[in-house]
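Undergrad: Going down the list, the protein sequences come from chains A and B.
Going by this note's numbering, the first residue of the first sequence is number 1, and it counts up by one from there.
Going by this note's numbering, the first residue of the second sequence is number 90, and it counts up by one from there.
These are computed hints drawn from the structure, not numbers from a lab.
Note that the Cβ used here is the ideal one computed from N, Cα and C, for glycine as well.
Treat the hints loosely; a few may be bogus.
These stretches of chain B come out as covered by chain A in the derived footprint (C-beta under 8 Å, 3 or more residues) [to be verified]:
#1 134–148
#2 178–185
Simulated crosslink set (DSSO-like; lysine-lysine; CA at most 30 Å straight-line) [stated by the list, open to error]:
#3 B/K160 <-> B/K191
#4 B/K194 <-> B/K160
#5 A/K38 <-> B/K191
#6 B/K195 <-> B/K118
#7 B/K191 <-> A/K31
#8 B/K162 <-> B/K195
#9 A/K31 <-> B/K160
#10 B/K162 <-> B/K118
#11 B/K109 <-> B/K160
#12 B/K118 <-> B/K191
#13 B/K118 <-> B/K160
#14 A/K31 <-> B/K118
#15 B/K109 <-> A/K31
#16 B/K162 <-> A/K38
#17 A/K38 <-> B/K195
#18 A/K38 <-> B/K160
#19 B/K162 <-> B/K109
#20 B/K191 <-> B/K162
#21 B/K118 <-> B/K194
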Amino acid sequence: MSTTPETPLDSTREASDLDCTGLLCPLPVYKAALVLAKLEPGSHLRLITTDPGALQDIPAMARQRGDTLVSVEDLDGRQTFLIQKGNQL
Amino acid sequence: MTQTRPTNEIAPLAEAAPRKRRIAIVASKGTLDQAYPPMILASTAVSLGWEAGIYFTFYGLDILHAERFDKLKVASLANPAGPIQLPNLLGAIPGATAAATKVMKKWMTDARMPSIPEFIDMTQELGVRFFACATTMGVMGVEESDLIPGADIAGAAAFLDYAADADVSLFV
C-alpha cells in the first residue's frame, strides 16, 4: 500500500487501516462498520476503496452512522477516506 | 378534597431514547439473482447502524431452506437480461438453467462477492431479523426443521407490525 493521505490531523497517525481494494458494495461499508465497531469514539479509520460507488457510499455511511468524514482523496480510481468515529446510538 | 396540580408543576417527560432507523424488506423470489438484493441491502443497513428485517415469502422462502439455499438458480427462460442470452426456445433445453447459474456464480466469485450462504451468516451475525412466512410454509409443506436456524415463523400481521416502525420498506 503506497497511498498515505495528507491530513491536517496529527491524531490520524494512529488511524486504523482497512484496504478494500477490489471489493464491491456492500463489502467496503460492511467491513468498515466491523472495524469502526471496535474503535473508540474519536478514533480514526483510513479506508481504501476502488469500488466505483464508494465516492457516494462512504460519505453516506458516515452520515448515517454519525461518523465524520475528515478527508477524501480520489486518485486514478483509488479512493482514500479518513473517517473519525462519532458517538453512535 | 381533590386538588388539581397546575400543569407547570408536572415533571417534564424524560427525553425519548434515540431510535435507530429501520428497513423492512420482503424477499419473494427464490432465484439466485433475486436473493442478492435483500441480502446486500440488509447487510448494508445494519452496517449503517440501522435495524433490518427480511420477510421471506413464497419462493423467497427457499433462501432460508437448509437444503436449497446453497442451490439457488438463475432462470435461463424468460430472462432476457440473464447471464446467458438465449432465445426462449433454447432457454428451455436441459442444462440451460444450470449453465446460466454457473455463469452468475463465476461472476460473483470473480468479483469477490459473498455467496448467499455467506450473506446469510453475515447478516445473522449482524442481527438482521429473519421472518419465515407461515402461510408459505403451510402451502408448500415446509417444516420449521427444513429452515436454517434463527428465523421467526410469522404471518403478515407480525411483519407489518415490524414494518410499521420502519423508515424504509421494500418488496423484492
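Undergrad: Hint by hint, where does the structure go against what was stated? Just the numbers, ascending.
TA: 2, 5, 11, 16, 17, 18, 19
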